[in-house]
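J.: Build out the structure end to end from the sequences listed, making use of the hints.
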Amino acid sequence: MNDLLPVLAQQVINGLSLGSIYALIAIGYTMVYGIIGMINFAHGEIYMIGAYVGVVTITALGAASGAMPLALVLSGALIIAVVVTAAYGWTVERVAYRPLRGSPRLVPLISAIGMSIFLQNYVQLGQGARDISVPPLLPGNLFEIDVEGFPVSLSLTRALIIFATLALMIALTLYISRSRMGRACRACSQDMGMANLLGIDTNRVISFTFVVGAILAAVGGVLIGLSIGKINPFIGFVAGIKAFTAAVLGGIGSIPGAMLGGVLLGLTETFASAFLPTEYKDVVAFGLLVLILLFRPTGLLGTPDVEKV
Amino acid sequence: MKSLKTACMAALLTAVLTLPLLGAHLVVNGLSTTLVVNLWPVGIAVLLVFVAQLLDLKARLGAITQALPTVSLSSASFSRHIRLWLAVVLVAALIFPFVASRGAVDVATYALTYVMLGLGLNIVVGFAGLLDLGYVAFYAVGAYSYALLSQYFGLSFWVCLPIGGLFAATFGILLGFPVLRLRGDYLAIVTLGFGEIIRLVLNNWDSLTHGPDGINGIARPTVFGLELNRRASPGGTTLHEFFGIPFDSLYAVIALYLIALLLVILTLFIINRLVRMPVGRAWEALREDEIACRSLGLNPTLIKLSAFALGACFAGLAGAFYASRLGTITPESFTFIESAVVLAIVVLGGMGSQIGVILAALLLTVLPELARSFSEYRMLIFGLVMVLMMIWRPQGLMPATRPRLELPTAEEAHQ
Amino acid sequence: MKSPLLTVSGLQMRFGGLLAVDGIEFQVNPGEIFAIIGPNGAGKTTVFNCVSGFYRPTAGEIRLDARAITGQPGHRIARAGIVRTFQNIRLFRTMTAVENLLVAQHAQLDTNWFSGLFMLPRFRRAERDALERAAYWLEKVGLREYANREAGNLAYGQQRRLEIARCMITQPRLLLLDEPAAGLNPQETHELDLLIRELRDQHDVAVLLIEHDMSLVMEISDRILVMEYGRPIGIGTPAEVRSNPRVIKAYLGEE
Amino acid sequence: MKLSRNLLGIAVATALAGVAGQAVAADIRIAVAGPVTGPVAQYGDMQMIGAEMAIEQINAKGGIKGDKLVMVKMDDACEPKQSPTVANQVVNDGIKFVVGHLCSGATKPAAKIYDENDVLMVSPAATNDAITAEGFKMVFRTIGKDSQQGPAAGKFIVSHLKPKALAIIHDKQSYGQGIAEQVRETAMAAGVKPVMFEGISKGDTDFSALITKLKTAGADVIYYGGYHPELGLLLRQAKEQGLQAKWMGPEGVGNKDLNAIAGDAVEGLYVTLPQDFTTEPENAALVKAFKDKGQDPSGPFVLTSYAAVEVIADSIKAVGADPVKVADYMRKHTFKTPIGELGFTASGDLKDFKFVVYEWHKDASKTAVK
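Chains as they are written, first to last, in our numbering: chain R, 359 to 667; chain E, 2 to 416; chain U, 24 to 278; chain L, 264 to 633.
No wet-lab data here; the hints were simulated from the structure. Heads up, a few of these hints could be off.
[Claimed, not checked] Taking beta-carbon pairs under 10 angstroms as the criterion, some of the chain L residues facing chain E (in silico): (1) K344; (2) Q436; (3) A523.
[Said to hold, decoys possible] Examples of chain E residues lying across from chain U (beta carbon under 7 angstroms, computed): (4) M278; (5) P279; (6) E285; (7) A286; (8) E289; (9) R295; (10) L299; (11) Q396; (12) P400; (13) R403.
[Unchecked claim] Residues of chain E clear of chain L, computed beta-carbon distances all greater than 10 angstroms: (14) V17; (15) V38; (16) I45; (17) V108; (18) F154; (19) L181; (20) S208; (21) G212; (22) V224; (23) L262; (24) V280; (25) P301; (26) I330; (27) I356.
For glycine and all other residues, C-beta sits at the position ideal for the given N, C-alpha and C.
T.: Shown next, in the form of structure tokens:
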């Protein structure tokens, strides 16, 4: 069965590109959970908003100038999407979570669920519930090699996603381990109270976490908009749950964990739909989430926290 | 008067937020996607935020809602009248279907179904403090159990109702076991995953559940053996033939309403008793502090499983009734949004407060029906209300109050 | 010599690399007040958590009436008769004081659902008995008029006493008190002293006590175990322990 | 005798709202029920503009013996949960004629309510067979059934496309999966056994793994049962991965939005559609009327909705506004409509409804395939 190799190669590529998107969103969950121990249920919607703002900007830039060079349109869309989505990330935290700091565990979680429903319908109100299609700005493949008669290819947009995810992940890990704000984040994730006592403005650190999460989700949203070519107000929901699964699989709270978790989930899902009937793909993904949380809630790279009595 | 600076900052932020999403409207026509710019909504939003910041509305609104009177159910005056109040409400509920219009009765039946779901989820979230986001799964199990039993074995509604409740309770325990050791938010996500898995299985298992086509031709409940349809099934007699009156589908609507009312009364009766029993107190103790429970000899596993099983059982009953009322069910009506709506009901009503949950269920189901054109904004308002409630009134509209227990006088006490 | 109520032998607890407790040996006889003292971080609460079943010790054995209970889950050890209080009070805060005492009797109460659902006389009688016992214990700790107040709204000292009452209502055989006098003023400490003696004398319960208040410990304990860095450095009556050179060195440092 | 308001507050308010809806007796109200909101709202738009045009034109010609037709728009967002509430509202408001519902999933529960209350329902778009399979007397449709559209596609695949390896994909929805099963049965009856028969979940966006599976199976003809959003993505990702195959889909994919998503990957797609009557010479005036209002008449459900209103109006003109008499009249007569001569079977389906195979192009035009 030597022709199995190219099929596997293609499926691995599919899995990597899918996993990179999950990783980009998973970062938002991991950082927020790592620092204030809360699942930002509305994070999937922040990703969706990033995609919408990206498409609006592309359409505006595309329409306005017509012959604007591709690189400019793309970078313009990324910048504007990042700025606006970061503003959403900051506002969601400021409005829905900051007033609830210190209240019992269920309260911020329910507020997050409410915010997720609100954002979904807010965008639906503004842009309608229908699918918005994105013109293929970057058609064509990065490479298309013929392995024993089977075309193995990686499209430009998917290559861009994998590359962007790697670059952002490395940059973020360096920033967190090197910079002052990075140190403050790590301090807060160890012990928020003590960090506050030592003069760290914890509110600023928390806002920073949400903004960084939103920025990465925005990049993910714009790139997905380009590569998949179809967005609607509901794409954030399932993508959000899958990204959370990736974050937990990798070990919630650990940034490399989010990357590892994302890729693993992407590969699992891809091989599930390759070898099982495709409709069971999501069942496998959700099943994986339930299994991880049961047998290894701290994930692969996470740090176990002993339940203090 | 908050400083002008913050008001301007807030207004600017609102502009940045709303411009791309509300200001520019994406329109797809055929090949090209174009932008229709309409700055009105952006202008209104910016103005609103500016004024709100200027008058520091947020703090004022917060104060007002705080001051809302909390009717403490156990205050002496109220409890004496509780029997009277219950009687009045019950009589009104019984008369209602015969005087109200058909549409109103149908909406009321729909609302009563959500009252049952709300009361059931209130056990899990309100009393035991376990945030279950997959509650719709038990609703689906109840509905499909009745649908399948009635289709394959022709069992009547009244036989399948308890079976549906039992099946759902079993699934409740199945879900309960794996999540025993998990904390609040992990538990929420696992139950969410579980809910989605159930829906996907229902949608994919074509041989049993006919997948997306769902199950059609589900029999309506019979009233004392009399069928509610226009034409009797072989061997059965219909209500109107029995009474020799011309067929009017209003009878079916009224009968369904009364069955729903019966189920709600049954649910309320059982839950009210359970809460005053050791198991009910154990639920609340678990919510308060699981470690303390363990140190006093209460087995947290049994407490959690009993909460899940009972919450699921009532969802199962509601599901079986829903299937009998609609006559046809598909996996599409058991999505996560249902779980979120029932959670919103419990949260809005006041976690752990039965009266609050009932009021919230009526409010959140009747209001959107009242203004059908308004229903587009229904989910938007749900989400917003959930956020605002958590900020201003986490205890809910009608918060539960502790029952007063009269202590026997000192002489009777002996040890 | 009656056989000991609780026997702890070779107790060891390791958290990853850290050896929190090692080689702990002691016994508590029926009706005895046994204290464990030592500087912060000596591993006292860890011993407590092992005895009460919250930690599974990595080595050693714990016996209650010669029956091994090492590693059993917390709720089963509690039903066997070992009940504890906590350093930071763990009351059911939004439930009333009397409800706290009713929950504690859950294990003893008739939890038959059928009789409960239909309020049969059997169930009503069981509830009334439980309420009477609760009234008795509220009276004993002077909280009777606070019966219907939420536990979280009681004063600190009152919460401490309610927690002890909640333990006693389960009719335990061994009561574990984790720094009961912490945060109490001298007057309240004295009342606590009387309360503990009364519990030991009238309710035949042995007491295992962790406490920093030396005057209370020396005055009330029958025997004392002294721990430092997880290891035992002295055991015996208050007098023996006070004169034990290693203990003096540990507490008062080198001359 | 209405109970005093304050006791039953909300419920009575609903009742009064119901009564207030009662229009002047003379007008004949027709409820047009379909997805005004929700993800497939564009199909609802087609239904609305078709019905609206028919009502306007009939009223312009003096209505029916002086009575005006009034259109009552009802939104069920294609959700099976909402359609029974809408149906009950229609019955409650005393409306006797319904053009709708649109999606099969939403139409099924509503049909039962209408039949029991002697309300005439004509669906311009629901193709699932089960709708007219329960012996209802008041349920009709002015569009073909899956069991008519499926075989048409199956026969075309076997005879024209002669596949070496046929793969069938569907979107796990009652419409998509229903038609996919029909195509499979027709193909297998003709001796062509599909190499793949699989479902994708609605709303999915990444099909790269499925495309690779299709490539491995060497599928050269692929039939997709479902709506346009998912097919658009499948076509686009198939082109990306260099999958050379001929694709075919039902009328649910046949609209411009497909081109917007798939771009030029849509070239050469085969679609079964109701015959496109907008090119018929006698419909020229009607097509111009739509264009004058800036509306596109070529959508699959525009003319079927127009026809539904016309059939109801002609029957009322003959036997008056009693729905039961109208239903009997409809079963016994044929009606001249923009989509040809329509006749109804006992179960309410169209006697013969031809689905024509079209070839779809990247400029969103379509040419009939002989």
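J.: Each hint should be assessed against the structure and marked as holding or not.
T.: Comparing the hints with the structure gives:
no.	hint	result
1	K344	4 angstroms, holds
2	Q436	5 angstroms, holds
3	A523	5 angstroms, holds
4	M278	4 angstroms, holds
5	P279	5 angstroms, holds
6	E285	6 angstroms, holds
7	A286	4 angstroms, holds
8	E289	4 angstroms, holds
9	R295	4 angstroms, holds
10	L299	5 angstroms, holds
11	Q396	10 angstroms, violated
12	P400	10 angstroms, violated
13	R403	5 angstroms, holds
14	V17	28 angstroms, holds
15	V38	20 angstroms, holds
16	I45	22 angstroms, holds
17	V108	6 angstroms, violated
18	F154	20 angstroms, holds
19	L181	30 angstroms, holds
20	S208	13 angstroms, holds
21	G212	6 angstroms, violated
22	V224	16 angstroms, holds
23	L262	13 angstroms, holds
24	V280	34 angstroms, holds
25	P301	36 angstroms, holds
26	I330	8 angstroms, violated
27	I356	16 angstroms, holds
Violated hints, in rising order: 11, 12, 17, 21, 26; the structure is consistent with all others.
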